[in-house]
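Number of protein chains: 2
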Amino acid sequence: MERIGFVGLGIMGRPMVKNLLQAGFEVTVWNRSRPGVDECVAAGAAEAESPRAVAEACDLFISMVTDSPDVEEVIVGETGAIHGLKAGTVVVDMSTISPAVTRTIAAQLAEQDVAMLDAPVSGGDSGAIAGTLSIMVGGEADVVERVRPAFEAMGKTITHVGPVGAGQTVKLCNQIAVCINNLAMAEALVFCAQSGVDPSTMLSAITQGAAGSWQLSNLGPKVVERDFAPGFKVALQQKDLRLALEAADELHTPLVGTSLVHQLFAAVEREYGTDVGTQALVRALEGLAGIEVGAPSR
Amino acid sequence: MERIGFVGLGIMGRPMVKNLLQAGFEVTVWNRSRPGVDECVAAGAAEAESPRAVAEACDLFISMVTDSPDVEEVIVGETGAIHGLKAGTVVVDMSTISPAVTRTIAAQLAEQDVAMLDAPVSGGDSGAIAGTLSIMVGGEADVVERVRPAFEAMGKTITHVGPVGAGQTVKLCNQIAVCINNLAMAEALVFCAQSGVDPSTMLSAITQGAAGSWQLSNLGPKVVERDFAPGFKVALQQKDLRLALEAADELHTPLVGTSLVHQLFAAVEREYGTDVGTQALVRALEGLAGIEVGAPSR
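Top to bottom, those sequences are chains L and H. Residue 289 in the numbering used here is what sits at position 261 of the first sequence, and the numbering runs on without skipping anything. Residue 112 in the numbering used here is what sits at position 84 of the second sequence, and the numbering runs on without skipping anything.
Don't take every hint at face value.
[Stated by the list, open to error] Stretch-level coverage of chain L by chain H, calculated; a stretch enters the list once three of its residues show a Cβ under 8 Å from a Cβ in chain H:
| no. | segment |
| --- | --- |
| 1 | 176-189 |
| 2 | 221-233 |
[Claimed, not checked] Estimated spans, in silico, between C-beta atoms of each pair:
| no. | chain 1 | residue 1 | chain 2 | residue 2 | range |
| --- | --- | --- | --- | --- | --- |
| 3 | H | Thr132 | L | Arg254 | 31 to 41 Å |
| 4 | L | Arg298 | H | Asp277 | 19 to 29 Å |
| 5 | L | Asp141 | H | Gly318 | 32 to 42 Å |
| 6 | L | Arg298 | H | Glu274 | 24 to 34 Å |
| 7 | L | Arg60 | H | Glu278 | 21 to 31 Å |
| 8 | L | Leu316 | H | Ala263 | 26 to 36 Å |
| 9 | L | Leu316 | H | Thr132 | 51 to 61 Å |
| 10 | H | Ala135 | L | Leu316 | 26 to 36 Å |
| 11 | H | Glu320 | L | Ala158 | 32 to 42 Å |
| 12 | H | Gly318 | L | Pro63 | 17 to 27 Å |
| 13 | L | Ala158 | H | Thr132 | 35 to 45 Å |
None of these hints come from the bench; they were simulated from the model. All C-beta atoms, glycine included, are put in the ideal place defined by N, C-alpha and C.
Could you build the full structure based on these sequences and the hints that come with them?
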């Protein structure tokens, strides 16, 4: 599968396309807005006028857009890939969207003899640039193997986690754990500050033990330094939590922690906007406690 | 400070005494029940008939008991250490108790010209046996230095975190982060199982990234294997969460995540008792979801 179509040229899609070009793939792109297209064309990609036209020019169609409706539009919408794909080709959706919508799209593609993988990623734009993304892949094992060279151009850890939709499920598990670990960090920091103990000292005392987490190690010091730049934006975290809560709702399965964090982020969004980094979760708890972590202690 | 008194010979205290003896300290012990005393005497400790009598025989009095009332009893109670300690000696409480009670006891000791450190630990009985405990120390810096050789006989990471009470505050921060990270693990596992995806595969896909934590790495596989042996018992976790919630209540600071986990553990205690390991938190969520993680998927 040497001819790749790529739709969705945001901060993730652009470096992923460049890594595919670097690895020797022919890549044809389309995007809703110009800047992403221009950047990829300058790097050696061809341009097509619609997702359908991209599909006509490739054996492997990749989408990297924001949410379920965006994926539906570019794959099964009016000018979507489904109208241009030949039998035997493969669609890989690398966006983070609903597992249920993923399965519905896969079923529509299967009717045209087009296989689908869901392959959401973690690692952020830095991982996309470095080609070190973690890719969680759902779908048939033989299809995963056919696509593996392309995955290896974009990512470092490629894990086949189950049938179509399983990639999205595992990505949502990831986001559930991420957001609740973030709450753990925020709550420990606010309790510490309110108790008059230096938060940096607390972090250094507990980070290596049973309380340790990626969130604590990487975002804890940012909170103490009052650095709320993203990293990962609250807007995207909230989108992912909505997906998890919707999927859990369909399964009649309460997500008590995720739901709590989602509600707290609503207060962060109101006061600080949706473009701050997820470490701003602490600001919701600071609001409840009437204190700022990292401000001079009492 | 070569002559140490040690009160509280449970699963933590016994190996701590043996490590002190091993390091060449003279140790005099007292415990509420016989077996701990016999074990320590066999290892070379002397025995005294009350905490007061222990205090009379030492320059450094260490307590390692369960909760705030136990510490009050052995230090400032009727037969407590305060009645036997000479001016210039030091009390180190290594139990996990209330920061406020700690400060009250320290003030009473200060009137007798006895200094106090609070030095709660993490690392469990395996850390106590290996002498690799993490020790979070509150108190005056010069007192910490005088006691450091004894700490180094029992622990690996000794962090001076602030004035008296700060050790307990940091330990409670640790427990806040531990219990909420545990919820993160449990909720991701239950959502995964309910979605029909293999929990072990999910764990291997997300553990190394932004969702990673000590709890996920160490307790996640136990949940999948249905191994609920402690580790750290729910009864002691609940005691520590009560201490955190009480301290936060006094500070008028809501702990929304800790409070939620504390409530969920109540259901675990009812159904499975208080002696199970903390990874049994998942069983509360399994009850809500009507599924077991690690059981054959749907």
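Each hint, compared with the structure:
1. 176-189: holds (count 3)
2. 221-233: That given contact holds, which follows from 9 residues of the segment 221-233 of chain L lying within Cβ reach (below 8 Å) of chain H.
3. H:Thr132 to L:Arg254: 31 to 41 Å: holds (34 Å)
4. L:Arg298 to H:Asp277: 19 to 29 Å: holds (27 Å)
5. L:Asp141 to H:Gly318: 32 to 42 Å: holds (38 Å)
6. L:Arg298 to H:Glu274: 24 to 34 Å: Check passed, 31 Å falls within 24 to 34 Å.
7. L:Arg60 to H:Glu278: 21 to 31 Å: violated (54 Å)
8. L:Leu316 to H:Ala263: 26 to 36 Å: holds (29 Å)
9. L:Leu316 to H:Thr132: 51 to 61 Å: violated (27 Å)
10. H:Ala135 to L:Leu316: 26 to 36 Å: holds (31 Å)
11. H:Glu320 to L:Ala158: 32 to 42 Å: With Cβ atoms ~39 Å apart, the hint holds.
12. H:Gly318 to L:Pro63: 17 to 27 Å: Between Gly318 of chain H and Pro63 of chain L, where Cβ atoms are some 49 Å apart, the hint is violated.
13. L:Ala158 to H:Thr132: 35 to 45 Å: For Ala158 of chain L and Thr132 of chain H the Cβ distance comes to about 54 Å; the hint is violated.
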